[in-house]
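Let's have the full structure, built from the sequences with the hints guiding it.
In order, the protein sequence lines correspond to chains F and H.
Going by my numbering, the first residue of the first sequence is number 1, and it counts up by one from there.
Going by my numbering, the first residue of the second sequence is number 1001, and it counts up by one from there.
Incorrect hints may appear among the rest.
Stated by the list, open to error - To be clear about the criterion: a stretch of chain F counts as covered by chain H if any three or more of its residues have a C-beta under 8 Å from a C-beta of chain H, and this derived list gives those stretches: (1) 7–15; (2) 92–102.
Unchecked claim - Sample of chain H residues facing chain F (criterion: CB under 10 Å; computed from the structure): (3) Pro1024; (4) Arg1045; (5) Leu1109.
No lab work stands behind these hints, which were simulated from the structure alone.
Source: prediction; values computed, not measured.
The beta carbon of each residue, even a glycine, is placed where N, CA and C say it ideally should be.
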Amino acid sequence: MKETDQISLVFGALADPTRRAILHRLTEGDATVAELAAPFSMSQPAISRHLKVLERAGLLTRTRRATARLSHLEAEPLREVTTWLARYQRFWDESHERLDELLVALQGEPADDDGPDGSSRARTGGNDDG
Amino acid sequence: MAKTQITAEPGIPQIIMSCEFDAPRDLVFRAYTEPELLQQWLGPRDYTMAVKENDVRDGGKWRFVHSDAEGHEYGFHGVFHGDPSPEGIVRTFEYEGAPGHVSMETLTLTDRDGKTLARTVTAFQAVEDRDAMIASGMEHGVHDSDERITELLARLQAG
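The structure is reproduced here in structure tokens:
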């Protein structure tokens, strides 16, 4: 399967608020369908359908313990998704951080000795090179 | 501190990005359009960026080249559409490593009590183009950890 197909499945799974809540719950530990259904006004079969979508996206696996079927969070696909967006995010985070610094420097430039009320713009360019 | 919000929804060939700057709109516009200012901020710190061409008017061309420490070059170019102004800039964008895959960016700058909200909507030709653009991450590596994932989930949860 192509990487983007996997990512699409993961995004599709994450697009639903109930499924996100289920995943969030599973970060605390494995759970049964009944436990996962408890916070929602939703039937267990409805929850099971959500679990199937998560399972197909590789976000959860199910194991049996005695009579209970436990859902277990598989974090790896999420790692791929976070990395996927994070690289792009990092490019822009860093660019915008630099732009922020530049804008501060530009505004400090025309050093008008003291504004009429210098309090709020008393921002003399600190020389902290990042 | 500038905080960049990026939204890339599954199945929609679009990226929406916004960031607020503590500076008046005209100044932010200058930083987005004047080559000597652009070169000081666009791209990661360990890259250099050269503005080869930046004809900020309707039909004017722009071309930027990012270079990493090993001398690899990544060129991008496009054309401005409509009159670029502090209210906004519309331009096409093409990575020279993938010719023919053109996206369109609409940047709007909104005054917010002396601060400026910069919002860019990028429309791609196809979801695959959008995904490829993000996947390339502009060649910038990143380390991740399980905390990131928990954070992501917490954020998704809040959303």
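Hint check:
1. Against chain H, the stretch 7–15 of chain F contributes 6 residues with a C-beta closer than 8 Å to a partner C-beta. That satisfies the three-residue criterion, and the hint holds.
2. Only when three residues or more bring their CB closer than 8 Å to a CB of chain H does the claim for the stretch 92–102 of chain F stand; here the count is 11, and the claim holds.
3. A cut of 10 Å between beta carbons decides the hint on Pro1024 (chain H): the least distance to chain F is about 8 Å, and the hint holds.
4. Below 10 Å, beta-carbon pairs count as interface contacts, and Arg1045 (chain H) has one with chain F at about 6 Å; its hint therefore holds.
5. The closest approach between the C-beta of Leu1109 (chain H) and any C-beta of chain F is roughly 12 Å, which is over the 10 Å cut-off, so the hint fails.
In terms of the numbered hints stated before, the structure departs from hint 5 and from no other.
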